[in-house]
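Student: Chain by chain, the residues run as shown.
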Amino acid sequence: MVAAMIRFENVGMRYGTGPEVLRDIDMRLDAGSFHFLTGPSGAGKSSLLKLIYMSERPSRGLVALFERDVSSMPRGELPPLRRRIGVIFQDFRLINHLSTFDNVALPLRVAGQSEDKIKANVTELLTWVGLADKIQARPPTLSGGQQQRVAIARAVIGKPSVILADEPTGNVDDEMAVRLLRLLEEMNRLGTTVIVATHNHYLAQRMGQPRLHLDGGKLSLFKPEAPDES
Amino acid sequence: MIGRGRFDIPFARDGSVRFLPWIVALMVYLAGLALAGMLLLDAALGDWNRGLNGVMTVELPPAANAKDGAEEIKLVVAVLQATPGVAHAAQLPREAVAKLVEPWLGGDEAVGQLALPRLIDVRIDVAHRPDFEDLRAKLANAAPGAMLDDARQRFDRLFDLGRSVEVTAAVILLLIGIAAVLTTVFTTRAGLAVHQNVIEILHILGAHDSYIARQFARQALGLGWRGGLMGWALAVITLLLLGQAAEHASVFGPSLRLVPSIVLQLWQWALLVLLPIAAATISYFTALATVQRALARMP
Numbered sequence: 002m003v004a005a006m007i008r009f010e011n012v013g014m015r016y017g018t019g020p021e022v023l024r025d026i027d028m029r030l031d032a033g034s035f036h037f038l039t040g041p042s043g044a045g046k047s048s049l050l051k052l053i054y055m056s057e058r059p060s061r062g063l064v065a066l067f068e069r070d071v072s073s074m075p076r077g078e079l080p081p082l083r084r085r086i087g088v089i090f091q092d093f094r095l096i097n098h099l100s101t102f103d104n105v106a107l108p109l110r111v112a113g114q115s116e117d118k119i120k121a122n123v124t125e126l127l128t129w130v131g132l133a134d135k136i137q138a139r140p141p142t143l144s145g146g147q148q149q150r151v152a153i154a155r156a157v158i159g160k161p162s163v164i165l166a167d168e169p170t171g172n173v174d175d176e177m178a179v180r181l182l183r184l185l186e187e188m189n190r191l192g193t194t195v196i197v198a199t200h201n202h203y204l205a206q207r208m209g210q211p212r213l214h215l216d217g218g219k220l221s222l223f224k225p226e227a228p229d230e231s
Numbered sequence: 002m003i004g005r006g007r008f009d010i011p012f013a014r015d016g017s018v019r020f021l022p023w024i025v026a027l028m029v030y031l032a033g034l035a036l037a038g039m040l041l042l043d044a045a046l047g048d049w050n051r052g053l054n055g056v057m058t059v060e061l062p063p064a065a066n067a068k069d070g071a072e073e074i075k076l077v078v079a080v081l082q083a084t085p086g087v088a089h090a091a092q093l094p095r096e097a098v099a100k101l102v103e104p105w106l107g108g109d110e111a112v113g114q115l116a117l118p119r120l121i122d123v124r125i126d127v128a129h130r131p132d133f134e135d136l137r138a139k140l141a142n143a144a145p146g147a148m149l150d151d152a153r154q155r156f157d158r159l160f161d162l163g164r165s166v167e168v169t170a171a172v173i174l175l176l177i178g179i180a181a182v183l184t185t186v187f188t189t190r191a192g193l194a195v196h197q198n199v200i201e202i203l204h205i206l207g208a209h210d211s212y213i214a215r216q217f218a219r220q221a222l223g224l225g226w227r228g229g230l231m232g233w234a235l236a237v238i239t240l241l242l243l244g245q246a247a248e249h250a251s252v253f254g255p256s257l258r259l260v261p262s263i264v265l266q267l268w269q270w271a272l273l274v275l276l277p278i279a280a281a282t283i284s285y286f287t288a289l290a291t292v293q294r295a296l297a298r299m300p
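Heads up: the protein sequence lines correspond to chains L and P, in order.
Under this note's numbering, the letters of the first sequence match residues 2 to 231, in that order.
Under this note's numbering, the letters of the second sequence match residues 2 to 300, in that order.
Don't read these hints as lab results, they were simulated from the structure.
In this text, a Cβ means the ideal position worked out from N, Cα and C, and glycines have one as well.
Do not take every clue at face value.
Claimed, not checked - Here are the simulated SDA-like cross-link-like pairs (lysine to any residue), alpha carbons at most 20 Å apart as the crow flies: (1) Lys-51(L) <-> Arg-298(P); (2) Lys-120(L) <-> Ser-100(L); (3) Lys-51(L) <-> Gln-91(L); (4) Lys-51(L) <-> Met-299(P); (5) Lys-51(L) <-> Ser-72(L); (6) Lys-135(L) <-> Ile-96(L); (7) Lys-51(L) <-> Gln-114(P); (8) Lys-118(L) <-> Gln-91(L); (9) Lys-135(L) <-> Gln-114(P); (10) Lys-51(L) <-> Glu-201(P); (11) Lys-118(L) <-> Arg-7(P); (12) Lys-160(L) <-> Ser-72(L); (13) Lys-120(L) <-> Arg-7(P); (14) Lys-51(L) <-> Leu-117(P); (15) Lys-68(P) <-> Leu-117(P); (16) Lys-51(L) <-> Ala-297(P); (17) Lys-51(L) <-> Gln-197(P); (18) Lys-100(P) <-> Glu-60(P); (19) Lys-100(P) <-> Leu-115(P); (20) Lys-68(P) <-> His-89(P); (21) Lys-120(L) <-> Phe-8(P); (22) Lys-120(L) <-> Ile-96(L); (23) Lys-51(L) <-> Pro-300(P); (24) Lys-160(L) <-> Asn-189(L); (25) Lys-120(L) <-> Leu-82(L); (26) Lys-51(L) <-> Ala-5(L); (27) Lys-100(P) <-> Pro-85(P); (28) Lys-51(L) <-> Ser-162(L); (29) Lys-68(P) <-> Arg-7(P); (30) Lys-51(L) <-> Val-199(P); (31) Lys-139(P) <-> Asp-122(P).
As the list claims (entries may be wrong) - For each label pair, taking beta carbons as the anchor points, the in silico distance ranges come out as: (32) Ala-191(P) <-> Gln-137(L): 22 to 32 Å; (33) Arg-139(L) <-> Gln-245(P): 34 to 44 Å; (34) Arg-61(L) <-> Gly-16(P): 36 to 46 Å; (35) Val-166(P) <-> Arg-139(L): 48 to 58 Å; (36) Ala-13(P) <-> Phe-223(L): 41 to 51 Å; (37) Arg-294(P) <-> Ala-138(L): 29 to 39 Å; (38) Arg-139(L) <-> Trp-23(P): 24 to 34 Å; (39) Arg-76(L) <-> Trp-23(P): 33 to 43 Å; (40) Arg-58(L) <-> Gly-16(P): 28 to 38 Å.
From just these sequences and the hints, can you work out the full model?
Tutor: What follows is the structure, encoded as structure tokens:
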């Protein structure tokens, strides 16, 4: 049996004393799987992702990542697990005063890698994503597509086991969106577990991957339709 | 690209820390003056203590005639020398007495015509101090009008006052230290609020709280050190100027100053050098602890 990379059991989540934004979530995502997370705006997609990248804790239930219960794990034990997750945000969330190089190097620096190793790895990756000539540029001077490539490079530089993409196609043109999704599929083929949150469920259907659908805080799983053989 | 001084958090754009070096400079400046005052006062009290310990004066009113006066002096000196605990007793020459009153009466020849009191300089064995009440009674018998002036007793109140001022200066130093800690705490908390987004990104990327706290601490160390050096330099300039002013304030020559000498010894300057180091150290550890405590409360 394939190990569960992400497991939710009866998870509920609320902000402060507000209403529950996620209710009774049960799911199990295996290592190496690819899922879209769909749902209308405000359905709780970002909250679900926050639980996975451990920016928030559930109000109730169990969240297990890499077969470890992180619901009540001490703060000091979370960083090594967070380093195994790469996150791509819709608004990229790059640090504007840092260069392209330093933004991509951040995950390696916080992990305490040597500067020699960081320089070699980051330069190679930036060359691969076509930003070798922008290594010293600050994010505000880059185009939207270039910023997205920096954000992707930052998410994958640490060779994560899981990649979470929150509305990654929201701020780029269609061509760039398709290229990004193909890149994520390629990473998935190499063994990375991928979750892509999007409000565009037509896009998710077109890619032929299983879809987790959130509505009113409740989660449903839709498997891709089998090809029509008639 | 990968500088040692690189911060992941954009402190350079943080207006809340812009005034921190100036606040630290002011605190170190005040601390420098308080510490220098304390050191100078301590040295002066020590000197006075050493000078007055074991020194007494017996004062006799001016004699009606020279012969009776000389006899009286002989008698008093004999009483003193026979008293256990008195190590030495000798009359001060008239010229020495005239020199003592010179600052008030001037050095004219007319002063030489005045009837000046006669003084006997007495040194006592500080380990076996004489019985002063008994000695006073014996002196009154030997020479009516003789007054025993124990400088030690006279200056005790002054010493107490001096020690009180020293304690006050120490309390001021302590308060400045507390103010430095509180200023760093509030500035760091403001910084945490301003840079909340970047801190969240660093956490998501797997940064430990200590990684973020060290960045704030390094920033505070730099600001504290810069402010500390400015305050220290200003304090040194002020002390040197005050030293010059004290030299020039001497009306009656270098032996008689209206303002005490403000000259620090080498070891006292070395203590002052510790102030900017202390300011930087306090800033570093206060910021480190403040950030770690604040982040520990996050989910």
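Student: With reference to the structure, classify each hint as holding or not holding.
Tutor: Each hint tested on the structure:
no.: 1; hint: Lys-51(L) <-> Arg-298(P); result: 18 Å, holds
no.: 2; hint: Lys-120(L) <-> Ser-100(L); result: 13 Å, holds
no.: 3; hint: Lys-51(L) <-> Gln-91(L); result: 14 Å, holds
no.: 4; hint: Lys-51(L) <-> Met-299(P); result: 14 Å, holds
no.: 5; hint: Lys-51(L) <-> Ser-72(L); result: 12 Å, holds
no.: 6; hint: Lys-135(L) <-> Ile-96(L); result: 15 Å, holds
no.: 7; hint: Lys-51(L) <-> Gln-114(P); result: 101 Å, violated
no.: 8; hint: Lys-118(L) <-> Gln-91(L); result: 29 Å, violated
no.: 9; hint: Lys-135(L) <-> Gln-114(P); result: 98 Å, violated
no.: 10; hint: Lys-51(L) <-> Glu-201(P); result: 11 Å, holds
no.: 11; hint: Lys-118(L) <-> Arg-7(P); result: 18 Å, holds
no.: 12; hint: Lys-160(L) <-> Ser-72(L); result: 24 Å, violated
no.: 13; hint: Lys-120(L) <-> Arg-7(P); result: 15 Å, holds
no.: 14; hint: Lys-51(L) <-> Leu-117(P); result: 96 Å, violated
no.: 15; hint: Lys-68(P) <-> Leu-117(P); result: 16 Å, holds
no.: 16; hint: Lys-51(L) <-> Ala-297(P); result: 18 Å, holds
no.: 17; hint: Lys-51(L) <-> Gln-197(P); result: 16 Å, holds
no.: 18; hint: Lys-100(P) <-> Glu-60(P); result: 16 Å, holds
no.: 19; hint: Lys-100(P) <-> Leu-115(P); result: 13 Å, holds
no.: 20; hint: Lys-68(P) <-> His-89(P); result: 23 Å, violated
no.: 21; hint: Lys-120(L) <-> Phe-8(P); result: 17 Å, holds
no.: 22; hint: Lys-120(L) <-> Ile-96(L); result: 18 Å, holds
no.: 23; hint: Lys-51(L) <-> Pro-300(P); result: 12 Å, holds
no.: 24; hint: Lys-160(L) <-> Asn-189(L); result: 12 Å, holds
no.: 25; hint: Lys-120(L) <-> Leu-82(L); result: 24 Å, violated
no.: 26; hint: Lys-51(L) <-> Ala-5(L); result: 18 Å, holds
no.: 27; hint: Lys-100(P) <-> Pro-85(P); result: 31 Å, violated
no.: 28; hint: Lys-51(L) <-> Ser-162(L); result: 17 Å, holds
no.: 29; hint: Lys-68(P) <-> Arg-7(P); result: 91 Å, violated
no.: 30; hint: Lys-51(L) <-> Val-199(P); result: 16 Å, holds
no.: 31; hint: Lys-139(P) <-> Asp-122(P); result: 17 Å, holds
no.: 32; hint: Ala-191(P) <-> Gln-137(L): 22 to 32 Å; result: 31 Å, holds
no.: 33; hint: Arg-139(L) <-> Gln-245(P): 34 to 44 Å; result: 52 Å, violated
no.: 34; hint: Arg-61(L) <-> Gly-16(P): 36 to 46 Å; result: 42 Å, holds
no.: 35; hint: Val-166(P) <-> Arg-139(L): 48 to 58 Å; result: 56 Å, holds
no.: 36; hint: Ala-13(P) <-> Phe-223(L): 41 to 51 Å; result: 49 Å, holds
no.: 37; hint: Arg-294(P) <-> Ala-138(L): 29 to 39 Å; result: 37 Å, holds
no.: 38; hint: Arg-139(L) <-> Trp-23(P): 24 to 34 Å; result: 29 Å, holds
no.: 39; hint: Arg-76(L) <-> Trp-23(P): 33 to 43 Å; result: 36 Å, holds
no.: 40; hint: Arg-58(L) <-> Gly-16(P): 28 to 38 Å; result: 33 Å, holds
The earlier numbered hints that this structure contradicts are 7, 8, 9, 12, 14, 20, 25, 27, 29, 33.
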